[in-house]
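A.B. asks: Could you build all of it, start to finish, from the sequences and the hints given here?
Protein chains: 2
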Amino acid sequence: MITARIKRGSAELAILALLAEEPLHGYEIARRIEKQSGGVLRFTLASLYPLLYRMDKRGWVRGAWQTLPSGRQRRCYELTPKGRKQMPPMLKEWGLFFRALHKLAGVSRA
Amino acid sequence: MITARIKRGSAELAILALLAEEPLHGYEIARRIEKQSGGVLRFTLASLYPLLYRMDKRGWVRGAWQTLPSGRQRRCYELTPKGRKQMPPMLKEWGLFFRALHKLAGVSRA
DNA sequence: TCCCTATATATAGGCTTCCGATGTATATGT
DNA sequence: ACATATACATCGGAAGCCTATATATAGGGA
Chain G
27 MITARIKRGS AELAILALLA EEPLHGYEIA RRIEKQSGGV LRFTLASLYP
77 LLYRMDKRGW VRGAWQTLPS GRQRRCYELT PKGRKQMPPM LKEWGLFFRA
127 LHKLAGVSRA
Chain B
27 MITARIKRGS AELAILALLA EEPLHGYEIA RRIEKQSGGV LRFTLASLYP
77 LLYRMDKRGW VRGAWQTLPS GRQRRCYELT PKGRKQMPPM LKEWGLFFRA
127 LHKLAGVSRA
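From first to last, the protein sequence lines stand for chains G and B.
Residue numbers for the first sequence follow this note's numbering, beginning at 27 and rising by one.
Residue numbers for the second sequence follow this note's numbering, beginning at 27 and rising by one.
Think about it this way: if two alpha-carbon atoms lie no more than 27 angstroms apart in a straight line, the pair counts; the simulated DSSO-like pairs of lysine-lysine are:
| # | chain 1 | residue 1 | chain 2 | residue 2 |
| --- | --- | --- | --- | --- |
| 1 | G | K129 | B | K111 |
| 2 | G | K118 | B | K118 |
| 3 | G | K129 | B | K118 |
| 4 | B | K108 | G | K129 |
Note that these hints are calculated values from the structure, not bench results.
C.D. replies: Structure representation (structure tokens):
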């Protein structure tokens with residue numbers, strides 16, 4: 027039986043989902059999480075960068091330095107096949123968790 | 027704007043929801059969380075008891091020792107009015123959070 | 001009789017995950 | 001000139017949960 031632990035780990039899923047659409051750099055990821063969640067999910071940069079390094083180390087994303095025309099540097103992250111494989115089980119686990127919490131406490135999406 | 031932090035804190039909500047139906051002792055709470063969530067939410071007793079003490083300290087629940095006919099003792103927890111008031115905002119926050127995660131990553135309840 | 005499981009509470013120690021505060025540096029608008 | 005936005009980075013710490021362990025009683029099966 028799949029058991030969904032009670033945990034916050036939704037940040038990783040959010041990042042994977044964003045990078046599944048297109049490669050992004052850190053600062054842009056944070057902005058999109060806030061924007062695309064309607065301002066609900068706030069995510070500080072102090073949380074984001076260590077998270078990205080960890081996901082890079084695991085091989086879920088691959089970061090590469092870019093040099094902008096201005097000469098400025100930034101790190102662009104791309105989803106790897108291994109990272110893409112992580113998504114379905116995470117989606118399933120969160121779905122299960124949500125349904126369970128709904129059954130117990132009546133949490134609704136509406 | 028209400029911002030839902032990314033956190034696991036669902037345990038407190040689950041406990042409040044169970045105690046809203048009827049007073050229960052710790053061991054029974056853990057059993058019901060597992061049972062009523064279809065085995066999805068697992069919750070170790072080592073997490074549960076400190077949580078109950080904290081909620082008692084905050085005045086959300088009130089624990090009282092019972093002596094069973096067998097002479098055995100156990101602690102029965104009851105929801106307080108203050109505890110009941112915590113539920114609607116928590117439900118709202120979790121609802122917002124799930125909608126946001128659904129928008130971002132496609133987490134579904136179905 | 002002895003052991004195993006279930007019931008019931010409790011604590012120590014530690015891990016993961018996230019946040020606040022702070023720092024550095026460049027680009028852009030006013 | 002100055003404020004704001006962009007962009008990355010780290011330190012320290014808090015929160016929330018788990019593993020392991022301890023204690024003690026009750027009931028069932030070998």
